[in-house]
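Based on the sequences and whatever the hints tell you, model everything.
Here is what each chain is made of, one letter per residue.
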Amino acid sequence: MAADTDSDDRGLRKGKWAPYGLLSPGILWLVLFFLVPVLILVRTALSSKASRFANPEFSWQFSNFSSAFTDYGPQFFRSFLFAGIATVSAILIGYPLAYWIATQGGRWKNLLIGLVVVPFFTSYLIRTIAWTSILKDDGVVINMIHAIPFVPQDFRLLATPAGVVGGLTYNFLSFMILPIYVSLEKIDFRLTEAAADLYSTPWQAFRKVVLPLSMPGVFAGSLLVFIPAAGDYLNNRYLGSPKTSMIGTVVQNKFLVQFDYPVAAALSLVLMAIITTMVLIYSKFLGTEGLAV
Amino acid sequence: MVMSEGAAPPYLLRELEEPGKSRKGQTSSRPAGSRWGRRILTAFACLVYLYLFLPLINIIVFTFNDPAGRYNISWDGFTINNWLDPFKDKELTDAFIRSLQVAVLSISIALIMGSLVAIALARYRFTGSRSIEIFLVLPLTTPEIVLGASLYQLFLGRNVVLGFSTVVIAHVMFCVSFVALTVKARVRGFDWTLEDAAMDLGASPWRSFRKITFPLILPGIMAAALLSFALSLDDYIVTDFTKGEFTTFPIQVNNAFRVSFPPQVNVLATIVLIMSVLLLVLTSVRGEKGASR
Chain A
31 MAADTDSDDR GLRKGKWAPY GLLSPGILWL VLFFLVPVLI LVRTALSSKA SRFANPEFSW
91 QFSNFSSAFT DYGPQFFRSF LFAGIATVSA ILIGYPLAYW IATQGGRWKN LLIGLVVVPF
151 FTSYLIRTIA WTSILKDDGV VINMIHAIPF VPQDFRLLAT PAGVVGGLTY NFLSFMILPI
211 YVSLEKIDFR LTEAAADLYS TPWQAFRKVV LPLSMPGVFA GSLLVFIPAA GDYLNNRYLG
271 SPKTSMIGTV VQNKFLVQFD YPVAAALSLV LMAIITTMVL IYSKFLGTEG LAV
Chain B
5 MVMSEGAAPP YLLRELEEPG KSRKGQTSSR PAGSRWGRRI LTAFACLVYL YLFLPLINII
65 VFTFNDPAGR YNISWDGFTI NNWLDPFKDK ELTDAFIRSL QVAVLSISIA LIMGSLVAIA
125 LARYRFTGSR SIEIFLVLPL TTPEIVLGAS LYQLFLGRNV VLGFSTVVIA HVMFCVSFVA
185 LTVKARVRGF DWTLEDAAMD LGASPWRSFR KITFPLILPG IMAAALLSFA LSLDDYIVTD
245 FTKGEFTTFP IQVNNAFRVS FPPQVNVLAT IVLIMSVLLL VLTSVRGEKG ASR
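Going line by line, the protein sequences match chains A and B. Take 31 as the starting number for the first sequence in the working numbering and just add one per residue. Take 5 as the starting number for the second sequence in the working numbering and just add one per residue.
Hints are computed from structural coordinates only; laboratory data are not their basis. Each hint should be verified, as a subset may be incorrect.
[Claimed, not checked] Straight-line distance between alpha carbons at most 30 Å, and here's what the computed DSS-like set of lysine-lysine pairs gives:
no., chain 1, residue 1, chain 2, residue 2
1, A, Lys79, A, Lys273
2, B, Lys215, A, Lys46
3, B, Lys94, A, Lys166
4, A, Lys166, B, Lys215
[What the hints assert, rightly or not] For the chain B half of the interface with chain A, some residues (derived, Cβ under 7 Å), not all of them:
no., residue
5, Asn62
6, Thr83
7, Asn85
8, Leu158
9, Ser169
10, Ile173
11, Leu282
[As the list claims (entries may be wrong)] Stretch by stretch, here's where chain A covers chain B in the computed footprint (C-beta under 8 Å, at least three residues):
no., stretch
12, 45-58
13, 89-95
14, 123-135
15, 179-192
All C-beta atoms in this analysis are idealised placements derived from N, C-alpha and C, irrespective of residue type, glycine included.
Written out as structure tokens, the structure is:
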């Protein structure tokens with residue numbers, strides 16, 4: 031009497047057309063508005079434009095890609111450097127918090143994790159502008175730093191690389207904390223008791239038992255921080271200066287202001303390619319397959 | 005650790021392969037460790053929470069500021085006037101309403117399509133499910149600047165006027181992945197034979213969906229809705245590329261920042277924050293009740 035009795039013991043069905051039917055609207059949307067546009071981007075990257083208002087002509091213009099490296103090397107390097115520092119900082123700040131919630135949270139775990147998410151219900155842009163207020167030159171924070179001996183009086187954080195990195199770290203911090211927390215949550219800490227029984231110190235137990243088991247979370251978190259950070263331009267716009275411009279700044283400018291589509295497209299693709307390569311290397315290094323968080 | 009295969013306790017080996025699964029419901033989450041270590045960790049955790057909430061506190065505090073100039077960045081005096089007249093800045097308010105419209109429409113579409121995808125992936129076993137899962141993750145691992153730029157190229161090439169609809173299309177695109185993955189995660193491991201049982205007892209497929217399946221996936225859908233709402237309202241980069249002359253709230257704040265930064269920005273952002281926190285509390289309370297049934 032059941033409609034389709036081809037199911038296994040968990041009720042999972044071996045569907046024929048039903049799953050494909052369910053999938054099609056969503057997947058079709060993604061194909062149309064994600065996959066196809068990226069392919070168009072590839073085509074544009076290989077085109078050339080006669081002038082600012084002309085249409086791009088496809089002409090296997092590989093020089094767009096080489097100019098990406100020669101002209102914008104510093105911005106690429108800076109973007110990856112900033113994103114890398116932000117990712118490491120996020121791990122250093124976020125891992126202990128995730129560990130604390132997972133191990134000391136008890137009944138309050140859900141509330142504590144909810145608190146981590148709450149600040150991120152304010153707009154990304156407005157959070158960044160709030161940092162310009164907090165770190166402003168005559169503000170509390172800078173005055174406190176000036177009070178420390180040996181700090182030069184012209185020390186500032188706005189319009190500096192440190193400001194940009196600080197903004198990047200902050201804005202993506204919860205994306206680091208959440209996956210690490212999920213990973214730590216799954217660990218049975220009686221393993222550390224077992225390790226203690228085998229004469230290990232708490233630190234060794236952490237390093238050899240907990241840390242490796244939490245790596246999938248660290249991996250997922252790192253991706254969720256590094257990838258958006260590398261392509262960001264808002265933090266640089268508000269907390270940095272033209273001297274600290276990132277590749278995102280260049281791409282945005284080239285597309286929407288200069289209308290130099292071919293080079294802009296080439297830059298975006300190079301960014302994506304480098305990120306993908308780094309992700310692959312990172313995953314080999316960590317030995318994790320898949321983001322099974 | 006010096007252990008030979010035979011000497012290791014069996015539960016330890018099982019744990020290392022599949023953490024948390026060897027003893028259902030009996031996991032321990034308190035690691036062995038020193039008391040001072042725990043105190044330092046707690047202190048660090050409090051500092052991190054302070055760091056997380058600093059911009060938030062700044063935003064809320066500055067809703068009560070009476071700025072001397074056009075920039076609400078330095079504290080000048082206390083007033084509640086901003087709260088009495090939150091819609092004073094007409095352009096800002098209009099942009100805010102437009103942001104809400106985009107968000108509501110985008111998540112409505114994305115929730116339907118994303119949930120269907122999640123059901124297909126969670127409920128059925130079919131060829132290509134692995135590839136579909138990877139394809140779903142791709143937009144999330146692509147920098148927003150590439151997503152935005154490629155959509156920009158797509159619309160430009162088809163002579164589509166950039167505005168409300170293109171922004172909605174873009175928002176649906178990145179929300180579908182989030183919805184699909186969130187709902188799928190919440191729904192994994194459910195006993196789908198409940199549906200078969202209902203149908204064996206005479207319920208039609210539609211009725212069994214309505215009474216069995218839908219209530220089970222509802223918490224996942226609500227969580228996905230909240231997440232997508234926040235993502236859509238806050239989105240800057242992808243919106244920047246697909247908006248044309250159309251402005252949303254963050255876009256308007258950025259555009260106006262050259263000239264002013266009124267306190268109403270903070271007020272509206274705080275209103276959104278309060279709404280989001282209330283929704284978060286409601287959905288998690290609802291979720292707890294549903295789980296215990």
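A quick look at each hint next to the structure:
no. : hint                : verdict
1   : A:Lys79 / A:Lys273  : 28 Å, holds
2   : B:Lys215 / A:Lys46  : 24 Å, holds
3   : B:Lys94 / A:Lys166  : 28 Å, holds
4   : A:Lys166 / B:Lys215 : 56 Å, violated
5   : Asn62               : 4 Å, holds
6   : Thr83               : 17 Å, violated
7   : Asn85               : 19 Å, violated
8   : Leu158              : 4 Å, holds
9   : Ser169              : 12 Å, violated
10  : Ile173              : 6 Å, holds
11  : Leu282              : 10 Å, violated
12  : 45-58               : holds (count 10)
13  : 89-95               : violated (count 0)
14  : 123-135             : holds (count 8)
15  : 179-192             : holds (count 3)
Violated hints, listed in ascending order, are 4, 6, 7, 9, 11 and 13; each of the other numbered hints is respected by the structure.
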